[in-house]
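Trainee: Each protein sequence line maps, in turn, to chains A and B.
Here the first sequence is numbered in my numbering, starting from 1 and rising by one per residue.
Here the second sequence is numbered in my numbering, starting from 372 and rising by one per residue.
Read the hints as simulated data drawn from the structure, not as lab findings.
Worth double-checking, as some hints may not be accurate.
Taking CB as the label site, the calculated pair distances span [to be verified]:
| # | chain 1 | residue 1 | chain 2 | residue 2 | range |
| --- | --- | --- | --- | --- | --- |
| 1 | A | 182 | B | 640 | 50 to 60 Å |
| 2 | B | 407 | A | 28 | 34 to 44 Å |
| 3 | A | 182 | B | 495 | 50 to 60 Å |
| 4 | B | 400 | A | 346 | 20 to 30 Å |
| 5 | A | 28 | B | 497 | 15 to 25 Å |
| 6 | B | 560 | A | 214 | 48 to 58 Å |
| 7 | B | 395 | A | 335 | 50 to 60 Å |
Note that CB positions come from ideal geometry on N, CA and C, so glycine has one too.
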Amino acid sequence: MTPQATSAQEAATRNAVEVQMTGLSRRYGQVVALDGLDLTLQPGELVALLGPSGCGKTTTLRLLAGLEDADAGQITVAGRDITHVPASRRDMGMVFQAYSLFPHMTVRQNVAFGLRLRRAVAAVRDRRAVEMLELVGLSEQADRYPHQLSGGQQQRVALARALAIEPQVLLLDEPLSALDAKVRAQLRDEIRRIQLEVGITTLFVTHDQEEALAIADRVGVMRDGRLEQLASPTDVYSRPATAFVAEFVGLSNRLAGTVSGGVVTVRGCDLPLMDRSTPDGPAMALVRPEAVTLASGYPADSGPLTGTVIASTFLGATSRVTVDLGDTTILAQLATADATAHPAGSRVTLAIRPDPVLVAVDGATSAGEGA
Amino acid sequence: MAALAPVGEVVREPAARRAAGVSARRRRRLNAFRYLVFTVFGLFFALPLLAMARFSLEGAKLGTWSLTAWSQIASYQGTQAVGIPPLISSIEITLELALITCTVIVLLLVPTMIWIRLRVRWLSRTFEFLCLLPLTIPAIVLVVGLGPIYNRIQRISLSSLMLFWVYVILALPYAYRALAAGLGGLDVTTLAEAARSLGARWLTVIVRVIVPNMWQAILNALLLTSALVLGEFTIAYLLLYNNLQVELYSISRNTPNAGVLFATSTAALAFAFALLLILSYVGRRRRRSRG
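Construct all of the structure, not just a fragment, from the sequences and the given hints.
Mentor: Structure, rendered in structure tokens:
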């Protein structure tokens with residue numbers, strides 16, 4: 001069962017809601033942070049917004065949370081227009097990038113704070129706080145103060161606090177970026193587990209592509225206040241809609257070639273195009289490093305894909321090898337055993353697997369824009 | 372052959388032992404320096420105070436001890452023959468003034484500063500400038516400027532409590548600095564946004580989330596404001612009001628015993644010190660209770 005299917009199933013049992021943002025715009029002086037964004041989150045779905053700094057992903061989340069006002073556009077949650085509803089009445093749980101626990105309250109008081117504002121009786125508050133702390137695995141820390149917890153624990157409490165009020169939507173604003181790599185990976189999986197368990201519609205903002213691809217049902221890649229692509233992690237990676245997405249998500253080699261009849265010829269290799277209607281002529285093919293392999297047999301003395309290894313980066317099971325082809329360099333992601341057999345200075349002949357590729361023409365792309 | 376170490380004991384390498392020895396020596400030297408500085412400065416401040424206290428207890432003959440000066444302060448009636456001694460009523464007025472000034476300062480500054488930090492950040496420089504302005508104005512200039520205003524105030528009330536208007540202005544820079552330091556240590560924006568997302572209105576954000584995290588800063592502001600009010604003489608004297616300091620001055624001028632002058636000064640200092648000690652003790656207890 002796919003994560004999306006699991007999520008949808010949970011959603012059905014827990015009345016998850018649909019979130020719709022239509023034509024959202026936001027300017028800060030002359031800077032356009034959001035430019036007519038259209039985005040729909042299906043009930044129970046986790047959508048990750050990914051993009052470079054200043055692309056508008058956090059602005060989108062803050063507009064949805066009600067922490068900022070949109071200049072134009074509309075936000076509906078479960079069909080109800082909440083565009084002008086203040087943040088305190090939007091019924092959304094939020095986890096922030098900075099540690100946001102209230103320092104003067106214990107963990108238990110932090111988690112129960114939202115319920116207290118909703119005038120829940122003490123017994124209900126306590127029971128719910130304990131439930132939420134059990135959900136995030138911190139029930140034993142209930143009587144500690146935030147400064148007695150690690151960063152990862154604080155973010156888990158923040159998550160418990162956000163979920164305690166049973167919000168309609170969960171908003172996660174780079175909640176893992178202040179944590180070290182190992183804790184980040186653990187907490188990322190935990191967030192996903194909890195989100196599926198609770199079945200809540202979730203918007204997750206991050207600049208870390210690995211995080212977005214690992215956790216989301218769908219990934220939205222943003223640039224200059226617009227969505228470049230909104231698709232499943234697999235599609236975003238293997239079928240990027242634009243050159244920007246191809247280069248932002250994962251690595252791409254930009255190799256000069258010639259388009260002719262739906263095929264681009266790059267250094268003697270014919271590669272099929274994702275968009276076969278691309279006009280003929282010179283273009284830049286965007287080739288993933290994992291599509292570059294070692295050619296079988298001994299390396300040729302010369303040829304368009306023969307070159308010298310100049311660097312090798314160990315990544316675990318695979319290694320990323322940089323090969324100087326004379327007029328350009330190319331990245332190849334090889335099995336570590338192959339990479340070790342060809343240390344820096346070795347001559348190698350490469351081959352390019354004929355996967356469908358995108359081509360960029362003067363920075364644009366042959367594929368259509370948008371999601 | 373390597374020496375055997377008992378379980379749980381770490382065998383130190385010679386280099387590590389040397390480094391630990393050097394660090395222990397440095398720590399000892401640093402501690403000795405600290406004690407020396409503390410002692411020198413302690414004596415610098417304490418000796419004149421002790422001398423003053425000793426002089427206030429000087430008897431009629433040199434080298435003898437007497438409580439005459441102290442009893443003269445307590446029983447001093449001034450121009451009035453009966454009733455509450457003026458010293459007692461001036462203590463009462465000064466305490467009331469401190470209370471009113473502290474209340475006004477906290478009610479005025481705390482919400483304003485939080486609001487500026489949260490909603491109108493661009494105003495913070497101007498607000499800081501306005502709050503620090505009284506530091507640059509000498510008391511005498513302030514009195515000249517406030518003279519006409521106090522003429523009008525005195526038509527409504529002659530109470531010395533009206534001094535609180537000017538004391539609020541005088542205390543602004545100190546209270547502002549203490550509160551700004553407290554606010555600076557908090558991520559006010561994130562805390563407020565977190566509270567808002569949980570359903571808190573602005574008033575709840577300020578009262579239940581921000582203020583409890585700046586108690587220490589508020590106590591510091593109160594401490595400084597109280598210290599200022601308890602020790603203020605110039606403005607009260609020039610505006611013809613009677614507070615503790617003015618009364619002590621008046622007692623010391625109107626008695627032939629020089630010891631009274633020193634007894635009143637010691638009493639004033641002890642009074643202020645005791646109050647400040649109580650305030651800082653309250654603050655410390657709060658900190659401890661938070662663990």
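Trainee: None of the hints should be skipped; say for each whether it holds.
Mentor: Right, here's what the structure says about each hint:
1. Hint check: residue 182 of chain A to residue 640 of chain B, Cβ distance near 58 Å, so the stated range 50 to 60 Å holds.
2. Distance hint check: the CB atoms of residue 407 of chain B and residue 28 of chain A are about 56 Å apart, inconsistent with the given range 34 to 44 Å.
3. In this structure, residue 182 of chain A and residue 495 of chain B break the distance hint of 50 to 60 Å, their C-beta atoms being roughly 40 Å apart.
4. Taken as a hint, the range 20 to 30 Å is violated for the pair residue 400 of chain B and residue 346 of chain A, whose Cβ atoms sit roughly 59 Å apart.
5. A beta carbon spacing of about 22 Å between residue 28 of chain A and residue 497 of chain B agrees with the range 15 to 25 Å that was offered as a hint.
6. Hint check: residue 560 of chain B to residue 214 of chain A, Cβ distance near 30 Å, so the stated range 48 to 58 Å is violated.
7. Residue 395 of chain B and residue 335 of chain A have their C-beta atoms about 54 Å apart, which keeps the hinted 50 to 60 Å range intact.
Comparing the model with each earlier hint shows violations of hints 2, 3, 4, 6; every other hint is respected.
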